[in-house]
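> One letter stands for each residue in the lines below.
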Amino acid sequence: MPTSLIDADSLLAIDIGSVTTRVVLFDVVDGRYRFLASGSAVSTANAPFNDIGEGIRNALDRLHSVTGRKFVGKDERLIIPSRSDGAGVDTVAATISAGPSLKVVLVGLLENVSLKSVKHLANTTYSQVVETFGLTDYRSLEARLDTFLRIQPDLILVAGGTNNGASQSVLKLLDIVGLASYQTPQERRPEILYVGNQALAKNVKRSLGRIAPLHLASNVRPTLDVEQLDAAQVKLADITRTIRSRQISGVKELNSWTKGGLLPTATAFGRVIRFLNKVYDSNKGVLGIDLGASATTIAVAYSDDLVQCVLPQFGLGDGLATLLEHCTLGNILRWLDLDIPKDYVRQYIYNKSLYPASLPATPEDLAIEQALARQVIQLSIKQIRGRLPENDFGDRGDLLPAFEPIVVSGSVFTRAPNMAQGLLTVLDGLQPTGVTTVVLDQHHLSPTLGAAAAINPILAVQVLESSTFLNLATVISPVGDAKSGTPILRIKVIYENGSEASAEIKQGSLKVIQLSAGQHAQVHLQPLHRFDVGMGGPGRGGRIQVTGGALGVVVDARGRPIRLDKNPANRREMINTWRNELGC
Amino acid sequence: MLASITHIIPLTTIRRERFLPVAGRLLVRTGQKVSTTDVVGEAKVNSEHLLLDLVRGLGVPAGKADNFLQCKAGDRVLQDDVLAGPVGLTKRVLRAPGNARVIVAGEGQVLLELESPPMELKAGLPGTVIDLLADRGVVIETTGALIQGVWGNGEIDYGLMIVLARSPDDELTVDRLDVSLRGSIVMGGYCQDVEVLKTATSLPLRGLILASMDPSLMPIASKIKIPVILIEGFGNLPMNSAAYKLLSTNDQREVSLNAEQWDRFTGVRPEIIIPLPAPGEPPLPPDADRFSVGQQVRVVRAPHKSEIGTIIEIRVGMIPLPSGLMAPSAEIRLESGENALLPLANLEVLE
Numbered sequence: 001m002p003t004s005l006i007d008a009d010s011l012l013a014i015d016i017g018s019v020t021t022r023v024v025l026f027d028v029v030d031g032r033y034r035f036l037a038s039g040s041a042v043s044t045a046n047a048p049f050n051d052i053g054e055g056i057r058n059a060l061d062r063l064h065s066v067t068g069r070k071f072v073g074k075d076e077r078l079i080i081p082s083r084s085d086g087a088g089v090d091t092v093a094a095t096i097s098a099g100p101s102l103k104v105v106l107v108g109l110l111e112n113v114s115l116k117s118v119k120h121l122a123n124t125t126y127s128q129v130v131e132t133f134g135l136t137d138y139r140s141l142e143a144r145l146d147t148f149l150r151i152q153p154d155l156i157l158v159a160g161g162t163n164n165g166a167s168q169s170v171l172k173l174l175d176i177v178g179l180a181s182y183q184t185p186q187e188r189r190p191e192i193l194y195v196g197n198q199a200l201a202k203n204v205k206r207s208l209g210r211i212a213p214l215h216l217a218s219n220v221r222p223t224l225d226v227e228q229l230d231a232a233q234v235k236l237a238d239i240t241r242t243i244r245s246r247q248i249s250g251v252k253e254l255n256s257w258t259k260g261g262l263l264p265t266a267t268a269f270g271r272v273i274r275f276l277n278k279v280y281d282s283n284k285g286v287l288g289i290d291l292g293a294s295a296t297t298i299a300v301a302y303s304d305d306l307v308q309c310v311l312p313q314f315g316l317g318d319g320l321a322t323l324l325e326h327c328t329l330g331n332i333l334r335w336l337d338l339d340i341p342k343d344y345v346r347q348y349i350y351n352k353s354l355y356p357a358s359l360p361a362t363p364e365d366l367a368i369e370q371a372l373a374r375q376v377i378q379l380s381i382k383q384i385r386g387r388l389p390e391n392d393f394g395d396r397g398d399l400l401p402a403f404e405p406i407v408v409s410g411s412v413f414t415r416a417p418n419m420a421q422g423l424l425t426v427l428d429g430l431q432p433t434g435v436t437t438v439v440l441d442q443h444h445l446s447p448t449l450g451a452a453a454a455i456n457p458i459l460a461v462q463v464l465e466s467s468t469f470l471n472l473a474t475v476i477s478p479v480g481d482a483k484s485g486t487p488i489l490r491i492k493v494i495y496e497n498g499s500e501a502s503a504e505i506k507q508g509s510l511k512v513i514q515l516s517a518g519q520h521a522q523v524h525l526q527p528l529h530r531f532d533v534g535m536g537g538p539g540r541g542g543r544i545q546v547t548g549g550a551l552g553v554v555v556d557a558r559g560r561p562i563r564l565d566k567n568p569a570n571r572r573e574m575i576n577t578w579r580n581e582l583g584c
Numbered sequence: 001m002l003a004s005i006t007h008i009i010p011l012t013t014i015r016r017e018r019f020l021p022v023a024g025r026l027l028v029r030t031g032q033k034v035s036t037t038d039v040v041g042e043a044k045v046n047s048e049h050l051l052l053d054l055v056r057g058l059g060v061p062a063g064k065a066d067n068f069l070q071c072k073a074g075d076r077v078l079q080d081d082v083l084a085g086p087v088g089l090t091k092r093v094l095r096a097p098g099n100a101r102v103i104v105a106g107e108g109q110v111l112l113e114l115e116s117p118p119m120e121l122k123a124g125l126p127g128t129v130i131d132l133l134a135d136r137g138v139v140i141e142t143t144g145a146l147i148q149g150v151w152g153n154g155e156i157d158y159g160l161m162i163v164l165a166r167s168p169d170d171e172l173t174v175d176r177l178d179v180s181l182r183g184s185i186v187m188g189g190y191c192q193d194v195e196v197l198k199t200a201t202s203l204p205l206r207g208l209i210l211a212s213m214d215p216s217l218m219p220i221a222s223k224i225k226i227p228v229i230l231i232e233g234f235g236n237l238p239m240n241s242a243a244y245k246l247l248s249t250n251d252q253r254e255v256s257l258n259a260e261q262w263d264r265f266t267g268v269r270p271e272i273i274i275p276l277p278a279p280g281e282p283p284l285p286p287d288a289d290r291f292s293v294g295q296q297v298r299v300v301r302a303p304h305k306s307e308i309g310t311i312i313e314i315r316v317g318m319i320p321l322p323s324g325l326m327a328p329s330a331e332i333r334l335e336s337g338e339n340a341l342l343p344l345a346n347l348e349v350l351e
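Those sequence lines, one after another, are chains D and Y.
Per my numbering, the first sequence starts with residue 1, numbered consecutively.
Per my numbering, the second sequence starts with residue 1, numbered consecutively.
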């Protein structure tokens, strides 16, 4: 795009994580927006600071030392707009994931209708659903009231009734919400978001508006078979920002730098994944996964839909203390490439939750950290699987549908000693199907670009189109059933220079086909034994154009799901064979 | 780089804010001396409600029930006060089942908020109340030794500390707990036997200070009603030498245990306070610091977990670790005399 069409403002993106505060600078270079540099520092949202300012300041100092550009004036304030001497920035975009999970109470009519949708809504931000009240709740009014008061939620999400549908039963549920709010001391009254039957909006305002901070958004279930979260999600992001502003100093000021555009990190991440889905214009959806210390976020965009889930219980920091409530220790041990006593692994999990910012300094700790990441990915995908589109593998409904691309973010990938370890963690955890590209958000730009898109969409497009996101590999994952060692796929690669390479892929193997990063090649796939590579059905192959990633093209023929040997020694040998093939 | 801090200090001024969850009533005044378990404030938190149905209670038609009401929203009523009635020949009435406040009266129903015991805020440490924070909390100050832990079970108590740990890595076994320890706080090392926790509760002890604990004991340790504090964490971890020395040299002294769970957002963490007289007013410990050469640090993660050392050099740039990761790191002289290169993220400053 010519420079003249660009609103050539520099942009500073700020992301406040629970462990790390990152600042990223974008500016125009040669007529296009580019990611220039980033800086990071320890977050200061927690005690003793409870003020994000110090963390931002330290991260800006790092950015200053990298770029030489001055961002903070003599008055200790951010320089906005930029000055003629190059100091400062023109615009700011910001995201935040720091702060305790919001305690949320859900109120709705039917478990599988409005309550389900309002739960999906709650899952789009950093929340913990602490109680649910529905039509089939047979507790007495006073028992429900006492429960409400005991919980002291930060937020109540109320849904129920299709538009112009049920009204009396919704109003009855609202009575209890109003009573509970009225009985709560003024300073602790929860925010209430009403996303039910829109015909009742006036009644809701009248009955609840004077009691507690009330917000209205369009019905999350306008008809029985339609779920619409978009408008409610925007409102929920606003409410999250309001609550964070109350809880943490500096959030209000950060929001003012962004002219009111501060977003929860997960919301911004979802926005980028949706955007990528439009850019890629593929029949497949785009899958994004962000493994953070405070939560794991999964976002899937397909057609015009975005399915998003924020899972604080699966964060790789504090959340680890409860991980063993969701899976067995064996589920984690199975991914270890080293012989580590199970007691040590169990202790590791609890001790890591005490020190979420600590780093794996030994090979053993790193192996555990990556095993945990694999398990957390699996658990997270399981949570969202029912809301994803059907796959094309017939009765194998348990498998993921094919995505293009898969975007991964999080320090467990970006800090991995080599890219192969990051890729193998993704492949083991997600177990993708068909043909896909795995892309690494190596500078953790996704959320910031999501927030930046609202201010400067051209910047978001141009940075996403640049090579800032690292293409790790094109991955081909055949699906089918065969004994280990059986040939299941013939593959022929025709490189741009006309040279060719062929390989026969055996079940149970992981094979790297060399293709330099950015180079294109034609790949002919010929599945055997009715294996399915996502090209129209079992046994169907064909020709595809692929682009080499940092690790070339990877054929993951380890089966779906991956079957790991039950004998620990054999299993470790198997895992190490795969690691060696990939170059871990 | 900002460093996290753990306090293990022989003599310091300790100042703590103690907050009610909601506005309530403070029961102390400025200058008042309090002990660890003294209640310094109370608030109505978990009130219980009761809904009375006039139609059923009085036996009148729904449309007429409200005519018999003798209370209105906001009224305070005592047990057996008449809320509605009398009705009919038998002069049937509806009475308050206990002292309460009327929340709603009408449409054939009376909703009462029953008087219930208020939530009590304990001092959490022995000291002097130096400030009252409106109707929300108090500031208490004392002087003494302060040892912060990493995990606590939420309980608070105080008592005479008996040191049973013969070394930092000693294991506390059930046969070492006997009736002579009743009412005391026991300082042990590592604990892996659930019977230790059960015996500690049944004697009862007034608290347990442990270096570390097997993670399998966490569910029980979380539930028992005596405070349990871990200094190091989970697994067989020896107590760091600074904490061990400080605790063991204060054997037979009165100590206060506040085993609140570590909340990084609020900064609340489990603490052991040994009240000691101090000449003058020792300085308050710092809440935040940056890593610098000469600082005493504790290693929070393998390798060298729980060991104490001194920073002798902070390396410039990102340093490769044995795991292959790159991280800002420092050279540490450990107490053993060995030098180790460790990531700053795995260190906390002891001050």
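For the record, the hints were derived by calculation from the structure and aren't laboratory data.
It should be emphasised that the depicted structure is a prediction, and the values quoted were computed from it without experimental measurement.
Backbone N, C-alpha and C fix where the C-beta goes; we use that ideal spot for every residue, glycine too.
Mixed in with the good hints, there may be bad ones.
Pair by pair, the computed Cβ-Cβ distance ranges are [as the list claims (entries may be wrong)]:
1. D:V226 x Y:F19: 24 to 30 angstroms
2. Y:G74 x D:Q247: 31 to 37 angstroms
3. D:P81 x Y:S216: 55 to 61 angstroms
4. Y:D193 x D:V226: 25 to 31 angstroms
5. D:R385 x Y:G337: 51 to 57 angstroms
6. D:P185 x Y:V316: 48 to 54 angstroms
7. Y:G337 x D:K70: 58 to 64 angstroms
8. Y:S216 x D:G539: 48 to 54 angstroms
9. Y:G106 x D:S249: 43 to 49 angstroms
10. D:A47 x Y:P303: 38 to 44 angstroms
11. D:E111 x Y:F19: 34 to 40 angstroms
> Each hint should be assessed against the structure and marked as holding or not.
Checked hints:
1. The given range of 24 to 30 angstroms is broken by V226 (chain D) and F19 (chain Y), whose C-beta atoms sit roughly 46 angstroms from each other.
2. In this structure, G74 (chain Y) and Q247 (chain D) meet the distance hint of 31 to 37 angstroms, their C-beta atoms being roughly 32 angstroms apart.
3. For P81 (chain D) and S216 (chain Y), the Cβ-Cβ distance of about 59 angstroms falls inside the hinted range of 55 to 61 angstroms, so the restraint holds.
4. Distance hint check: the CB atoms of D193 (chain Y) and V226 (chain D) are about 57 angstroms apart, inconsistent with the given range 25 to 31 angstroms.
5. Range check, R385 (chain D) to G337 (chain Y): about 54 angstroms between beta-carbon atoms, so the 51 to 57 angstroms window is met.
6. P185 (chain D) and V316 (chain Y) have their C-beta atoms about 52 angstroms apart, which keeps the hinted 48 to 54 angstroms range intact.
7. Here the CB-CB span from G337 (chain Y) to K70 (chain D) is close to 45 angstroms, at odds with the stated 58 to 64 angstroms.
8. The hinted range of 48 to 54 angstroms is satisfied by S216 (chain Y) and G539 (chain D), whose Cβ atoms lie roughly 51 angstroms apart.
9. Distance hint check: the CB atoms of G106 (chain Y) and S249 (chain D) are about 44 angstroms apart, consistent with the given range 43 to 49 angstroms.
10. Under the hint 38 to 44 angstroms, the C-beta atoms of A47 (chain D) and P303 (chain Y), about 29 angstroms apart, miss the expected range.
11. Checked against the hint of 34 to 40 angstroms, the C-beta distance between E111 (chain D) and F19 (chain Y) comes to roughly 37 angstroms, which is consistent with it.
In summary, the numbered hints that this structure violates are 1, 4, 7 and 10.
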